[in-house]
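Chains as they are written, first to last, in this note's numbering: chain S, 1 to 210; chain H, 211 to 420.
Quick caveat, the hints were computed from the structure, so don't treat them as lab data.
Values in this document were obtained by computation on a predicted structure and should not be read as measured data.
C-beta: ideal position from N, C-alpha, C; glycine also.
Hints are not guaranteed to be accurate.
Stated by the list, open to error - Listed next, the in silico DSSO-like pairs over lysine-lysine satisfying Cα-Cα at most 30 Å (straight line):
id : chain 1 : residue 1 : chain 2 : residue 2
1  : H       : K258      : S       : K58
2  : S       : K58       : S       : K48
3  : H       : K268      : S       : K58
4  : H       : K268      : S       : K48
5  : H       : K268      : H       : K258
Unchecked claim - Pairwise CB distance ranges (calculated):
id : chain 1 : residue 1 : chain 2 : residue 2 : range
6  : S       : A67       : H       : T320      : 21 to 31 Å
7  : S       : A79       : H       : A316      : 35 to 45 Å
8  : H       : R218      : S       : Q18       : 53 to 63 Å
9  : S       : R170      : H       : L284      : 14 to 24 Å
10 : S       : A128      : H       : P317      : 21 to 31 Å
What the hints assert, rightly or not - Over the 12 Å line for every Cβ pair with chain S, so calculated as not near, a few chain H residues:
id : residue
11 : R219
12 : V220
13 : G221
14 : A223
15 : E224
16 : E226
17 : Q228
18 : M247
19 : Q249
20 : V256
21 : V260
22 : Y262
23 : H264
24 : G266
25 : G270
26 : L283
Chain by chain, the residues run as shown.
Number of protein chains: 2
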Amino acid sequence: MDTRAPRRRVGRAERERQILDAALAVFGERGYQGASMDQVAERVGVTKPVLYTHFGSKHGLLLACIARARAELLEVTSAAAAAASTPEEMLRRGTLAFFEYLESRAPEWTVLYSESAVAGESLEEIRAQQTDFIAGLLATQAPGADAQRLTGWANVIVGACERLALWRTRAGVSSEQATEYLMDLVWSGLAGAAGGPSSPPERTGDNPPS
Amino acid sequence: MDTRAPRRRVGRAERERQILDAALAVFGERGYQGASMDQVAERVGVTKPVLYTHFGSKHGLLLACIARARAELLEVTSAAAAAASTPEEMLRRGTLAFFEYLESRAPEWTVLYSESAVAGESLEEIRAQQTDFIAGLLATQAPGADAQRLTGWANVIVGACERLALWRTRAGVSSEQATEYLMDLVWSGLAGAAGGPSSPPERTGDNPPS
DNA sequence: GCCGGTAAGTTACCACGAGTAAGTTACCTT
DNA sequence: AAGGTAACTTACTCGTGGTAACTTACCGGC
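Produce the entire structure from the sequences given, and follow the hints as far as they go.
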């Protein structure tokens with residue numbers, strides 16, 4: 001007997017959703033390089049050329065995945081930040097939301113971030129968005145600083161968040177902890193963390209050398 | 211007439227150097243994906259299988275490139291840090307050396323960093339090295355902090371440096387400026403930047419902008 | 001000087017995956 | 001029911017990573 005379903009046709013928008021879902025899953029499992037277009041197509045229950053009529057190329061498919069995820073990310077983080085009143089609290093909540101969103105979509109994002117060569121421009125746009133947003137926050141905190149300095153600071157924070165996100169999942173550190181570590185440095189600075197000029201670097205014993 | 215040179219043979223070590231040089235150049239020009247093994251081979255003046263006898267795979271060739279560059283990077287930065295006496299000054303000089311080394315090898319590193327999917331593990335090892343090194347610095351500055359917190363802070367700095375390096379070359383910001391921006395946040399923190407209408411984070415004056 | 005062994009190098013091939021041209025069929029309109 | 005069109009498939013090409021099998025330059029001993 002012929003087990004093939006009788007070639008069901010599907011509308012454009014819905015097909016694109018299906019393809020993006022499948023692509024994100026397959027890229028998440030095998031990595032972008034490791035995944036083949038046939039695998040994505042098979043997952044959708046369709047043949048390869050369909051993917052090409054919708055997204056043009058493998059690269060285009062990845063970009064579309066990122067674009068969708070990017071919209072979600074932006075919405076989540078800016079909503080979190082908007083719920084706070086002071087710049088400090090906005091930064092804290094935004095960062096926390098960033099970590100938690102990445103965690104909730106972990107497999108996809110680890111791929112997307114690690115595949116930066118191919119994602120290239122598109123990822124940089126996300127970072128630019130974040131940088132602008134954060135520079136705005138900082139401007140209200142440090143009104144005396146010039147634009148370039150604010151941008152520099154914002155880049156520090158964006159880079160720090162990206163790396164913290166990766167580290168904390170690997171090291172099993174909670175989102176709250178990671179956020180705290182960021183705020184320690186960025187807000188309080190290290191200068192005050194010294195015990196004072198008179199305190200020698202006492203080892204507490206819980207801090208083995210690496 | 212036969213213009214081909216009469217198949218000159220070359221020692222193993224020297225060939226490997228030649229191949230690494232060519233690979234770094236070709237990867238730098240076309241990107242890792244965009245470059246083909248034949249192109250690398252042609253640049254060396256040799257055929258493809260030679261590359262495989264030396265490095266096993268395209269991936270292996272990339273890893274070898276990174277390993278060599280990594281050794282240079284480590285040496286440059288740790289030498290710079292060693293020339294300072296206080297932790298703050300070590301961090302500052304190490305960061306500056308990092309930026310300047312990356313700039314001196316710009317094309318190669320932009321590729322290697324952006325090709326993180328393929329470079330994967332190997333790049334993470336570099337970051338781990340940097341993180342350990344910086345965590346050590348911070349330990350002397352903040353002896354009260356536990357190990358996890360130190361590691362978290364170190365990750366903040368590593369991520370920040372990576373991003374700053376990319377941004378500053380694009381935005382035409384000097385290494386010294388970028389370093390200063392990092393130190394602003396990490397050492398002084400933003401908390402003090404709020405109050406005075408006239409006070410951006412205070413500069414110590416011993417480190418004039420270029 | 002010549003001669004054999006070995007490492008360096010080449011030619012000629014395979015496998016597989018991205019991308020495409022041309023033909024086929026389900027659904028909607030009238 | 002006819003027939004137009006968009007969705008879909010079959011069957012290919014081409015480029016590139018990787019390999020098997022053969023060839024040749026160099027270096028030692030006689």
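Legend entry - Violations among the numbered hints, reported as their numbers in ascending order: none
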